[in-house]
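Peer 1: Going line by line, the protein sequences match chains A and B. Following my numbering, the numbering of the first sequence begins with 1 at its first residue and continues without gaps. Following my numbering, the numbering of the second sequence begins with 1 at its first residue and continues without gaps.
Treat the hints as calculated values from the structure; they're not laboratory data. In this text, a Cβ means the ideal position worked out from N, Cα and C, and glycines have one as well. Take the hints with a grain of salt, since some may be wrong.
[Claimed, not checked] Simulated restraints on C-beta separations:
id	chain 1	residue 1	chain 2	residue 2	range
1	B	54	A	54	33 to 39 Å
2	B	28	A	44	20 to 26 Å
3	A	77	B	39	47 to 53 Å
4	A	12	B	58	33 to 39 Å
5	A	83	B	40	35 to 41 Å
6	B	59	A	81	39 to 45 Å
7	A	54	B	8	21 to 27 Å
8	A	15	B	65	45 to 51 Å
9	B	65	A	16	33 to 39 Å
10	A	114	B	20	41 to 47 Å
11	A	7	B	52	35 to 41 Å
12	B	7	A	44	34 to 40 Å
13	A	30	B	39	26 to 32 Å
[As the list claims (entries may be wrong)] Lysine-lysine pairs mimicking DSBU-like chemistry, simulated, CA-CA at most 35 Å apart:
id	chain 1	residue 1	chain 2	residue 2
14	B	68	A	14
15	A	57	A	9
16	B	68	A	9
17	A	71	A	57
18	B	104	A	14
19	A	9	B	104
20	A	71	B	57
21	A	71	A	83
22	B	5	A	57
23	A	70	A	14
24	B	15	A	71
25	B	71	B	107
26	A	57	B	99
27	A	83	B	15
28	A	57	B	15
29	B	99	B	58
30	B	99	A	71
31	B	15	B	68
32	A	57	B	68
33	A	14	B	107
34	A	71	B	104
35	A	83	B	5
36	A	9	B	99
37	A	70	B	42
38	B	15	B	5
39	B	68	B	57
40	A	83	B	104
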Amino acid sequence: DGGITQSPKYLFRKEGQNVTLSCEQNLNHDAMYWYRQDPGQGLRLIYYSQIVNDFQKGDIAEGYSVSREKKESFPLTVTSAQKNPTAFYLCASSIWREVGQPQHFGDGTRLSIL
Amino acid sequence: QQQVKQSPQSLIVQKGGISIINCAYENTAFDYFPWYQQFPGKGPALLIAIRPDVSEKKEGRFTISFNKSAKQFSLHIMDSQPGDSATYFCAAGQGGSEKLVFGKGTKLTVNP
Numbered sequence: 001d002g003g004i005t006q007s008p009k010y011l012f013r014k015e016g017q018n019v020t021l022s023c024e025q026n027l028n029h030d031a032m033y034w035y036r037q038d039p040g041q042g043l044r045l046i047y048y049s050q051i052v053n054d055f056q057k058g059d060i061a062e063g064y065s066v067s068r069e070k071k072e073s074f075p076l077t078v079t080s081a082q083k084n085p086t087a088f089y090l091c092a093s094s095i096w097r098e099v100g101q102p103q104h105f106g107d108g109t110r111l112s113i114l
Numbered sequence: 001q002q003q004v005k006q007s008p009q010s011l012i013v014q015k016g017g018i019s020i021i022n023c024a025y026e027n028t029a030f031d032y033f034p035w036y037q038q039f040p041g042k043g044p045a046l047l048i049a050i051r052p053d054v055s056e057k058k059e060g061r062f063t064i065s066f067n068k069s070a071k072q073f074s075l076h077i078m079d080s081q082p083g084d085s086a087t088y089f090c091a092a093g094q095g096g097s098e099k100l101v102f103g104k105g106t107k108l109t110v111n112p
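Using the sequences plus the hints, can you model the full thing?
Peer 2: Put into C-alpha cells, the structure is as follows:
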C-alpha cells in the first residue's frame, strides 16, 4: 500500500537535546511538508521541499531543521533552540504544482519534554 | 491576507442532523479549497475539495458550498452519524496544493 510512514509514534526529548523525526513516503511525490499541530491552533507549516536537495522555510521554522537527500525521505530535526517543542508533528506529501492534487498525511509523531 | 478563519470551534449535533462548518478567506489568489477530517491520534485525511469555478460540490453526505464574491466556503454534513465525530479543517491553496493555509479546526461531536 502506498502511503506516508512517520516514526516514532511517540518521542521524548531531554533538555538541550536534538531529536529527529522520520518521514518516508512511497507515493512517488515530489513535494513533502512538515506541520506542527497544537490544540486549537490548526496546522502550521514548518518546512517544505519541492525537490531533492532543496527546501524552504514555512511559517514557524525557527528551532527546526530538515534535509532532503532522497525523494522518499524528509526528516525533521527539533533542535535545542526550539524552546516549546511539545506538539503533534505531521508530515505530508503531494504532487507538486498540479492543481487540485491533495496533500497526503502520515499519522504523526507526538513529541513531549522529559 | 493569508489567514483562513474557521467557525465554529466546536459543534454538537444529534444523529441524523445537519452539521455546518464555515470558513472565510482574504486572499483572492486562492484557487483550491480542500476539507480534511482528522480522528484522534491520526493524520488528517482529505474529505472533499472544490475549485472556485463551481459553487457547490457534493460527495455522498458531504457538500461544499462556495461563495466567491463573499470569499466564504462551507462544509455541510447531511444525516450526521456518530462515526462523523472528528475534527474538521478547511484549507486554501494557490496554484495546486503547495503551501496550504489551514483553518484552526472544528471539533464535531455527533450524539447517538
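Peer 1: Taking the hints in turn, state whether each one holds.
Peer 2: We went through each hint and held it up to the structure:
no.: 1; hint: B/54 to A/54: 33 to 39 Å; in the structure: 34 Å, holds
no.: 2; hint: B/28 to A/44: 20 to 26 Å; in the structure: 23 Å, holds
no.: 3; hint: A/77 to B/39: 47 to 53 Å; in the structure: 28 Å, violated
no.: 4; hint: A/12 to B/58: 33 to 39 Å; in the structure: 45 Å, violated
no.: 5; hint: A/83 to B/40: 35 to 41 Å; in the structure: 27 Å, violated
no.: 6; hint: B/59 to A/81: 39 to 45 Å; in the structure: 44 Å, holds
no.: 7; hint: A/54 to B/8: 21 to 27 Å; in the structure: 39 Å, violated
no.: 8; hint: A/15 to B/65: 45 to 51 Å; in the structure: 49 Å, holds
no.: 9; hint: B/65 to A/16: 33 to 39 Å; in the structure: 50 Å, violated
no.: 10; hint: A/114 to B/20: 41 to 47 Å; in the structure: 43 Å, holds
no.: 11; hint: A/7 to B/52: 35 to 41 Å; in the structure: 38 Å, holds
no.: 12; hint: B/7 to A/44: 34 to 40 Å; in the structure: 19 Å, violated
no.: 13; hint: A/30 to B/39: 26 to 32 Å; in the structure: 28 Å, holds
no.: 14; hint: B/68 to A/14; in the structure: 48 Å, violated
no.: 15; hint: A/57 to A/9; in the structure: 24 Å, holds
no.: 16; hint: B/68 to A/9; in the structure: 40 Å, violated
no.: 17; hint: A/71 to A/57; in the structure: 18 Å, holds
no.: 18; hint: B/104 to A/14; in the structure: 29 Å, holds
no.: 19; hint: A/9 to B/104; in the structure: 23 Å, holds
no.: 20; hint: A/71 to B/57; in the structure: 34 Å, holds
no.: 21; hint: A/71 to A/83; in the structure: 30 Å, holds
no.: 22; hint: B/5 to A/57; in the structure: 23 Å, holds
no.: 23; hint: A/70 to A/14; in the structure: 29 Å, holds
no.: 24; hint: B/15 to A/71; in the structure: 44 Å, violated
no.: 25; hint: B/71 to B/107; in the structure: 23 Å, holds
no.: 26; hint: A/57 to B/99; in the structure: 11 Å, holds
no.: 27; hint: A/83 to B/15; in the structure: 43 Å, violated
no.: 28; hint: A/57 to B/15; in the structure: 43 Å, violated
no.: 29; hint: B/99 to B/58; in the structure: 25 Å, holds
no.: 30; hint: B/99 to A/71; in the structure: 18 Å, holds
no.: 31; hint: B/15 to B/68; in the structure: 31 Å, holds
no.: 32; hint: A/57 to B/68; in the structure: 30 Å, holds
no.: 33; hint: A/14 to B/107; in the structure: 32 Å, holds
no.: 34; hint: A/71 to B/104; in the structure: 30 Å, holds
no.: 35; hint: A/83 to B/5; in the structure: 27 Å, holds
no.: 36; hint: A/9 to B/99; in the structure: 25 Å, holds
no.: 37; hint: A/70 to B/42; in the structure: 25 Å, holds
no.: 38; hint: B/15 to B/5; in the structure: 27 Å, holds
no.: 39; hint: B/68 to B/57; in the structure: 14 Å, holds
no.: 40; hint: A/83 to B/104; in the structure: 22 Å, holds
The structure is inconsistent with the numbered hints 3, 4, 5, 7, 9, 12, 14, 16, 24, 27, 28, although it conforms to all the rest.
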